[in-house]
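Student: Here the protein sequences come in this chain order: E and Z. Okay, so the first sequence: first residue is 371 according to the working numbering, each after it adds one. Okay, so the second sequence: first residue is 12 according to the working numbering, each after it adds one.
Where hints are given, some of them may not hold.
What the hints assert, rightly or not - Think about it this way: if two alpha-carbon atoms lie no more than 30 Å apart in a straight line, the pair counts; the simulated DSBU-like pairs of lysine-lysine are: (1) K536/E to K118/Z; (2) K120/Z to K530/E; (3) K309/Z to K278/Z; (4) K536/E to K120/Z.
Claimed, not checked - Some chain E residues close to chain Z (C-beta under 10 Å, calculated; not the full set): (5) P651; (6) A655; (7) L660; (8) G661; (9) M714; (10) T716; (11) G717; (12) G719; (13) G720; (14) R722; (15) V724; (16) D725; (17) W726.
Calculated from the structure, these hints are not laboratory results. These numbers come from a predicted model, not from an experiment. Beta carbons are placed, not taken as given, at the ideal position from N, Cα and C, and that holds for glycine.
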Amino acid sequence: MGARGVRRFGTLRARSGEWKMNERFSARLNTRDGAVDMTHGSGGRAMAQLIEELFVAHFDNDLLRQANDQAAFDLPAGRVVMSTDGHVISPLFFPGGDIGSLSVHGTINDVAMSGARPLYLAAGFILEEGFPLADLERVVASMARAASAAGVPVVTGDTKVVEQGKGDGIFITTTGIGVVPNGVEVSGDRARPGDVVLVSGTLGDHGVAIMSSRENLTFETAIESDSAALHTLVADMVAAAPGIRCLRDPTRGGLATTLNELARQSGVGMKLMERDIPVNPAVSAACELLGLDPLYVANEGKLICICGPEDAEPLLEAMRAHPLGRAAARIGEVVEDRHGFVQMETGFGGSRVVDWLAGEQLPRIC
Amino acid sequence: MKYVEEFRRQDLARTLAEAIAREVGPGRTYNLMEFCGGHTHAIFRYGVQDLMPPNVRFVHGPGCPVCVLPTGRIENAIHLAMEQGVILCTYGDLLRVPAGNRMSLLKAKALGADVRMVYSTQDALRVARDNPGCEVVFFAIGFETTTPPTAVAIRQARAEGLANFSVFCNHVLTPAAIQNILESPEVREMGAVSIDGFFGPSHVSSVIGSRPYEFFAEEFQKPVVIAGFEPLDVMQSALMLIRQLNEGRHEVENEYTRVVTRDGNRKAQALVAEVMELRRSFEWRGLGQVPYSALQIKQAFAEFDAERRFSIPAATAIDVRGCECPRILRGVKRPTDCRLFGSVCTPDNPMGSCMVSSEGACAAYWSYGRFRQ
Numbered sequence: 371m372g373a374r375g376v377r378r379f380g381t382l383r384a385r386s387g388e389w390k391m392n393e394r395f396s397a398r399l400n401t402r403d404g405a406v407d408m409t410h411g412s413g414g415r416a417m418a419q420l421i422e423e424l425f426v427a428h429f430d431n432d433l434l435r436q437a438n439d440q441a442a443f444d445l446p447a448g449r450v451v452m453s454t455d456g457h458v459i460s461p462l463f464f465p466g467g468d469i470g471s472l473s474v475h476g477t478i479n480d481v482a483m484s485g486a487r488p489l490y491l492a493a494g495f496i497l498e499e500g501f502p503l504a505d506l507e508r509v510v511a512s513m514a515r516a517a518s519a520a521g522v523p524v525v526t527g528d529t530k531v532v533e534q535g536k537g538d539g540i541f542i543t544t545t546g547i548g549v550v551p552n553g554v555e556v557s558g559d560r561a562r563p564g565d566v567v568l569v570s571g572t573l574g575d576h577g578v579a580i581m582s583s584r585e586n587l588t589f590e591t592a593i594e595s596d597s598a599a600l601h602t603l604v605a606d607m608v609a610a611a612p613g614i615r616c617l618r619d620p621t622r623g624g625l626a627t628t629l630n631e632l633a634r635q636s637g638v639g640m641k642l643m644e645r646d647i648p649v650n651p652a653v654s655a656a657c658e659l660l661g662l663d664p665l666y667v668a669n670e671g672k673l674i675c676i677c678g679p680e681d682a683e684p685l686l687e688a689m690r691a692h693p694l695g696r697a698a699a700r701i702g703e704v705v706e707d708r709h710g711f712v713q714m715e716t717g718f719g720g721s722r723v724v725d726w727l728a729g730e731q732l733p734r735i736c
Numbered sequence: 012m013k014y015v016e017e018f019r020r021q022d023l024a025r026t027l028a029e030a031i032a033r034e035v036g037p038g039r040t041y042n043l044m045e046f047c048g049g050h051t052h053a054i055f056r057y058g059v060q061d062l063m064p065p066n067v068r069f070v071h072g073p074g075c076p077v078c079v080l081p082t083g084r085i086e087n088a089i090h091l092a093m094e095q096g097v098i099l100c101t102y103g104d105l106l107r108v109p110a111g112n113r114m115s116l117l118k119a120k121a122l123g124a125d126v127r128m129v130y131s132t133q134d135a136l137r138v139a140r141d142n143p144g145c146e147v148v149f150f151a152i153g154f155e156t157t158t159p160p161t162a163v164a165i166r167q168a169r170a171e172g173l174a175n176f177s178v179f180c181n182h183v184l185t186p187a188a189i190q191n192i193l194e195s196p197e198v199r200e201m202g203a204v205s206i207d208g209f210f211g212p213s214h215v216s217s218v219i220g221s222r223p224y225e226f227f228a229e230e231f232q233k234p235v236v237i238a239g240f241e242p243l244d245v246m247q248s249a250l251m252l253i254r255q256l257n258e259g260r261h262e263v264e265n266e267y268t269r270v271v272t273r274d275g276n277r278k279a280q281a282l283v284a285e286v287m288e289l290r291r292s293f294e295w296r297g298l299g300q301v302p303y304s305a306l307q308i309k310q311a312f313a314e315f316d317a318e319r320r321f322s323i324p325a326a327t328a329i330d331v332r333g334c335e336c337p338r339i340l341r342g343v344k345r346p347t348d349c350r351l352f353g354s355v356c357t358p359d360n361p362m363g364s365c366m367v368s369s370e371g372a373c374a375a376y377w378s379y380g381r382f383r384q
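Turn these sequences into a full structure, and let the hints steer you where they fit.
Tutor: Below, the structure written as structure tokens:
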């Protein structure tokens, strides 16, 4: 939705909040001790300045600089994939990342889990009146760094401001678009009995990092969020084994919930070996203390892969050769089960069902 | 994770499983009640039952503080948050427990009540310090393990002059509950429940020691083995119970020697005794009124007692019809005997408290054991 003002120099053209203003202002945006106020979302001069000096300045790229209400681009051949993700995490800054980098990684990963190469991002910001501009700049700079490192630019965006008490500082929604190479068909309903379940690394790091940085729950830990963009890992995996059946990033609800989703979608069961599931010892210890189960704790830089048995070794090799897949492991197999149960042989030698997460283990983790 | 993984080792579990298999008498059934929800959870989470001979049966007891709290007390807490406008601080497990009229603290929160999840009494004190203009009530529940931190918080609030902090006290006592189960008609006369021995609580016993169990081991002639919460602890304790039963002994033995002593933590006991005293009677879900089974805040600390500070109307909540939580808590029925189990009552939509807490027998059956049915 764009403003339909007369497009000549000096006229405000950003009434809707779309990022497309360029104008000179009398004083620079006060990103030292200023705060977001209602004028930053009103479509007036203050909003134009915020967009130009903060968003456009940090996300700088050709498409954004064209200053249109939308980004127009051609796509390479293949199936187009699109995904969107809202980010409401608390706290905004945590060990290993912040809401900015997370909002870039999260959507890149959602697109990449189809086997696609992510190409472009869009970002929508909902800011609460009173939110420090310094924090906003920190978040936007972090997003820009993450997008640039991933090679997936933010090409269009939108900003809205809500009154104090009607938001929680900042909410960010990102949408991504990508293209799946021909011949790749990854989908959650393709697992079949006999397939192998792989995971790209240790589980639970993100959720525990968030817990450890909550203001009402501080304990000393060296655990950092695993927040990372996984698309280059996916590209290497697709190259090694184009026949990959399922890919999914175990975010909220962790490994357990994600495997239950895949089991239900594919109409199969799963059998896991607890002792093969990689968990960082510090994460185990923190979970022990907090009464959490690492299998249910969120990840933001891990993926689960289900593949035919013949692809398991080539895939593990490709994953371990990538920096984000060094601790990749084979953790179980797909079995026939009309109930769709995920079962696990415990490290202790017994067995149990690994059920869906009921309720919330941790609120506002992404 | 040193000192934890050691208690989950598969090779040791196998050795113990073999020892238990050798020890059990073939023509005999061993019904062993784990009082504590912590044990129930460990048994399911690690699949301990799979390593036991078929004639050793775990009977799940009432030792889950969320499960035994009667719905009326939840209703009282909802009243405090909704009608009296207090900031109610509570442990996370309590949020979803159903009270009457399809209410819960979580729903009260959605309707605008200020209900906050805390991890410790210290968090609740901080909320009180940060909101000097508001009444802050800590919804205290739990057995003897969580009681000392509540006592400390009350002392601290007095020392700091924290006038807006009070405690809605629901602390209950383990020995009284075990005795009540053993004295129940189902166990004593009808023979509906057969309990041959008890796993004694681990954390509770670290505070109260092993001495309080000596009376009913003798009186009711049932062996008690105080067991740690790790799966190897449970197996070792099962072996000790089976040996006692085979030898006709009924003693209090302590498997959890790395933590529990005969006298317990005297400093913690003294703290509790300074701030709290026995209630004449307290209602338990599943057990009904149990005399001298709970604690209340002493007159000397009356200003920190939410029950004295606010006028709380008598609760009217009644349990959902058909809910077998009361009988399940007494070990008379199993979760799968309840016709609500798994149909209308699931962890996502709990009808009874045993389905809410991860320590509840129903939740454990549902989450970890469904494939057996």
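Student: Taking the hints in turn, state whether each one holds.
Tutor: Evaluated hints:
Distance restraint check for K536/E and K118/Z: the Cα-Cα separation of roughly 20 Å lies within the 30 Å cut-off, and the hinted pair is therefore satisfied. Distance hint between K120/Z and K530/E is fulfilled; the C-alpha atoms sit about 27 Å from each other, no more than 30 Å. Taking the CA atoms of K309/Z and K278/Z, the gap is about 18 Å. The hint holds against a cut of 30 Å. Taken as a hint, the K536/E and K120/Z pair is honoured in the structure, with Cα atoms around 16 Å apart against an allowance of 30 Å.
At about 5 Å, the closest approach between the beta carbon of P651/E and any beta carbon in chain Z falls short of 10 Å, and the interface hint on this residue holds. For A655/E, the interface hint holds, since its Cβ comes within 10 Å of a Cβ in chain Z; the closest pair sits about 5 Å apart. Using the Cβ-Cβ criterion of 10 Å, the hint placing L660/E at the interface with chain Z is satisfied: the shortest such distance is roughly 8 Å. Below 10 Å, beta-carbon pairs count as interface contacts, and G661/E has one with chain Z at about 8 Å; its hint therefore holds.
At about 8 Å, the closest approach between the beta carbon of M714/E and any beta carbon in chain Z falls short of 10 Å, and the interface hint on this residue holds. Because the beta carbon of T716/E sits about 5 Å from the nearest beta carbon in chain Z, less than 10 Å, this interface hint is met. Among the interface hints, the one on G717/E holds; its C-beta lies about 6 Å from the nearest C-beta in chain Z, closer than the 10 Å criterion. For the restraint placing G719/E at the interface with chain Z, the shortest Cβ-Cβ distance is roughly 5 Å, inside the 10 Å limit, so the hint holds.
Of the supplied interface hints, the one on G720/E holds, with its beta-carbon coming within about 2 Å of a beta-carbon of chain Z, less than 10 Å. The beta carbon of R722/E is positioned within 10 Å of a beta carbon in chain Z (closest approach about 4 Å), and the interface hint is therefore held. A cut of 10 Å between beta carbons decides the hint on V724/E: the least distance to chain Z is about 8 Å, and the hint holds. With 10 Å as the threshold, the beta carbon of D725/E comes within range of chain Z, its nearest partner Cβ sitting at about 4 Å, so the hint holds.
Below 10 Å, beta-carbon pairs count as interface contacts, and W726/E has one with chain Z at about 8 Å; its hint therefore holds.
Hint compliance for this structure: no hint is broken.
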